[in-house]
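Given the coordinates of chain A, assemble chain B onto it according to the supplied hints.
Protein chains: 2
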Amino acid sequence: MRALEDRLGAVRALVAPRLQAALADREPRAHLYDLIARALERAGKGLRPSLCIATTRAFGGDEAHAVPSAAALEMLHNAFLVHDDIEDGSERRRDQPAMYVEHGVPLAVNVGDAMQALSLRMLKDNVKVVGPEVAWRIVDEFDHMLMQSLEGQAMELGWVRDNDCSITDDDYLLLVLKKTCWYSFIHPCRIGALIARGPGYDLGRFDRFGFLLGAAFQIQDDVLNLIGDGKKYGKEIGGDLWEGKRTLILSHLFRQVTGTDAARLRDVFAKPRDRRLPREIGWLYELLAQHRSIDFARDAAARLASAALQEMETAYADAPEGEDKDFIRNLVRYTVERSV
Amino acid sequence: MRALEDRLGAVRALVAPRLQAALADREPRAHLYDLIARALERAGKGLRPSLCIATTRAFGGDEAHAVPSAAALEMLHNAFLVHDDIEDGSERRRDQPAMYVEHGVPLAVNVGDAMQALSLRMLKDNVKVVGPEVAWRIVDEFDHMLMQSLEGQAMELGWVRDNDCSITDDDYLLLVLKKTCWYSFIHPCRIGALIARGPGYDLGRFDRFGFLLGAAFQIQDDVLNLIGDGKKYGKEIGGDLWEGKRTLILSHLFRQVTGTDAARLRDVFAKPRDRRLPREIGWLYELLAQHRSIDFARDAAARLASAALQEMETAYADAPEGEDKDFIRNLVRYTVERSV
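Sequence lines, in order, name chains A and B. Counting in the working numbering, the first sequence runs from 1 upward without gaps. Counting in the working numbering, the second sequence runs from 1 upward without gaps.
Just so you know, the hints here were simulated from the structure itself, not pulled from any lab data. Predicted model, so just to flag it, every value in this text is computed and none were measured. Warning: the hint list may mix true and false statements.
[Stated by the list, open to error] Okay, derived cross-link-like pairs now, BS3-like style, lysine-lysine, Cα gap no bigger than 27 Å in a straight line:
no. : chain 1 : residue 1 : chain 2 : residue 2
1   : A       : K245      : A       : K231
2   : A       : K128      : B       : K128
3   : B       : K45       : B       : K325
4   : A       : K45       : A       : K271
5   : B       : K235      : A       : K128
6   : A       : K325      : A       : K45
7   : A       : K232      : A       : K245
8   : A       : K124      : B       : K128
9   : B       : K124      : A       : K124
10  : B       : K271      : B       : K45
11  : A       : K45       : A       : K245
12  : B       : K235      : B       : K45
So that you can see chain A by itself, here it is in the shape it has in the complex:
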C-alpha cells in the first residue's frame, strides 16, 4: 500500500495549493479564512480528488484539467463536514474538537457557507482548462451532487428528529446513496471521465459501481463508529448511538426486537442526546450483540465491497490497463478494507 499512499499524497500536493490560493490575502482572517485553513489542514486522505484525477488519467485525459474539479470536490467535502458536525451534534472530528465546539455555532455555520461558496469559485477555473460548455456540464454534476447530499442529510436528520424506528434496510441504502455515494464516489468518477472523454460519453456507467463502493464504505464506517479504535477513527466511539443516527445496524435491530425491548429502544432514542445515559448506551450495545446486528452490517459491507470490486471492471472497461486503473483498484480495496 506504499504506492497507494504515495499517490494519494501526490494528489493532495496537487490540490492543496489551489485550496490555499482561494484563502490567500483575504480578510477577515481570525473569524473566517483562518478557520477554513484549519479545517482544510485537518483534511483526510483526499479520496474524492484522487478518484476524480485518476479517472481522468485512466480514460486518457490530462490530469491538469481535472485539478480544479478535484479541488472543488475536496473543498465541498470539508464544507459538509463543518455543517454535519453541527447538525449531528458530533463533538469531535479527526481527533480534534469539531469547529462549532471550538468557535461556536454562528461562526461555524458561516464558515461552512463560505466553503460551499468557494467550491463554486473553483469550478470557474474549469472554463480556462475545458472551455465554457464542458465547464457548465461539470456544474450540472456538482448541482446534482449537492442536492442529493443535502436531501440525504435532510432524510437522516428527519429520522432522528422524529425518532423513526421503522426504517428498513432499503430506506438506509437509499439514504447512503444520497448522502454519501453521489458526492464521494459516483460524481468524482463521472466528472473525471467527463473531463477525459467529453460530454458525449455515457457517465451512467459509474453509478452502480459508486453506489456499491459508497455503501460498503459507509456501512463499514458505521461499524467502526461503534467498535473501532477511537484513536485511529478520530471520533468518539459509539457517537452514532449517542446521536441516534440511523444505520444499517439499527435498521437490522429495529427489525429484530420485539415487546419490551422494542419499547425501551424507542424510549432511549426518544430522549435528546444529552439526556441519554451511559447505561442506556451500554444496554444498546448488549442488544446489538444479542441480535448480531453489527455482524450483519459487517457482512453486508463485505458483500458490497466484493460487488464493487467486480463492478469496477465493468465501469472502467473502456480504460486501458495501466498504473491509473491499478491505482483505482487499490483505492477501492483500501476504501473498503480499513481495519477495524
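What follows is chain B alone, placed relative to chain A:
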C-alpha cells in the same frame, strides 16, 4: 406608490414560478422542500430581483433574460436569512418564528445550505438565455457577491463574539458594504446591465450608487430595529441590542461614552444574549437618547439616501428615460423612505 407596488408584484409573479419549479416533485418534503417553500412564501417585497430586472429593461435588454438571475438572487437572499437568524440568535422573522426556532438548528442549517445550492442551479438556466460565456460572467458576479456577504457576516459575528467596543463609523460602513450593499444593491444592478449590454460594458458605474443606497437602507433598518413599529417591522423591537449587533448607532455611542458608562456598556455586551436583563436594555436606550446616537444614525441615513438618489442619475446616465428608469428612481425612494 401604487404603480411601484404593482411592478414589484409583477416581478414576484415572474420569479415565483421559477422558485417553485425548483422545489416541485422533489423529496424529502417535510424535512427539506416544504421548509424551503415556507421560507420563500414568507419572502418580502422582492427588491433584489426587481432591481435586477428593471436594470436589464432600462438598458434595453430583454426582461426574460434576467429572470433566472433574478430568481437566483431571491433564492440566495432567503438562504442568507435562514442562516442569519441562527447566527444572530434572532427569534422572529417577518412576524413569525425563525426557521431554526420552529424546526431546530440541524434542519435549518441544512435548509439554508440547500437554498444556497438551489441558487447555483438557477444560474444554470442562464446558459439557455444568454449563452455559456455570459452565463459564466454572471457566475463571477455571484461568486463575488457570495464571498463579500459571507466575509461581512464573519466580521459582524466576530465583533459580537469578541465584544469589540472600539469599532468606528468607518468599520461599520465597510461592514455594510460587505454584508448588505454588494448582494442587495450593487450586484443586482451589475448583473442586470451585464445581461442587457454584454460583458464589455463597464459595471463599476453601479458600485458607488449601490453602496450609498445600501448604507442608507441598512442604517435605516438598524434605526427601525430599535424604535420601529414591531408589527410593521416583523422582528422583535430592540433585538439588535439583545444580540449585541454592531451598528452605526453603537459606533457613535462607543465614541461618545466615557468613564463608568463606557465600562458598564462593555459589561452589558460582554454577557451572552440570554443573560442580558431587560433593565440593562432599558439603560442602553437611555444612554442612546442621552448621546443622541439614534438621531445621528437617522441623519446619516438621510444624507446617504439623498446622495444615492443623485448618484443614481450618474449610474444610469446611459439608460434612456422611461418607465423602467422611473421605476428604479421610485424604488430608491421607497427603499430609503420606509416609515418609522
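Evaluated hints:
For the hint pairing A/K245 with A/K231, the CA-to-CA distance comes to about 21 Å; that is within 27 Å, so the pair holds. Restraint check: the Cα-Cα separation between A/K128 and B/K128 comes to about 21 Å, which is no more than 27 Å; the hinted pair holds. For the suggested pair B/K45 and B/K325, the alpha carbons sit about 19 Å apart, so the restraint of at most 27 Å is met. With a CA separation close to 35 Å, the supplied pair A/K45 and A/K271 exceeds the 27 Å bound.
The suggested pairing of B/K235 with A/K128 is violated, with an alpha-carbon distance near 46 Å, which exceeds 27 Å. Only pairs whose Cα atoms come within 27 Å are accepted, and A/K325 paired with A/K45 is accepted, the gap being roughly 19 Å. Under the criterion of a C-alpha separation no larger than 27 Å, the hint pairing A/K232 with A/K245 is consistent with the structure, at around 21 Å. Of the supplied pair hints, the one linking A/K124 and B/K128 holds, its CA atoms being roughly 18 Å apart against a limit of 27 Å.
With a C-alpha separation of about 13 Å, the suggested pair B/K124 and A/K124 falls inside the 27 Å cut-off, and the hint holds. Restraint check: the Cα-Cα separation between B/K271 and B/K45 comes to about 35 Å, which exceeds 27 Å; the hinted pair is violated. A distance of roughly 24 Å separates the Cα atoms of A/K45 and A/K245; the hinted pair therefore holds under the 27 Å criterion. Using a Cα cut-off of 27 Å, the hinted pair B/K235 and B/K45 holds, with the two alpha carbons roughly 16 Å apart.
In terms of the numbered hints stated before, the structure departs from hints 4, 5 and 10, listed from lowest to highest.
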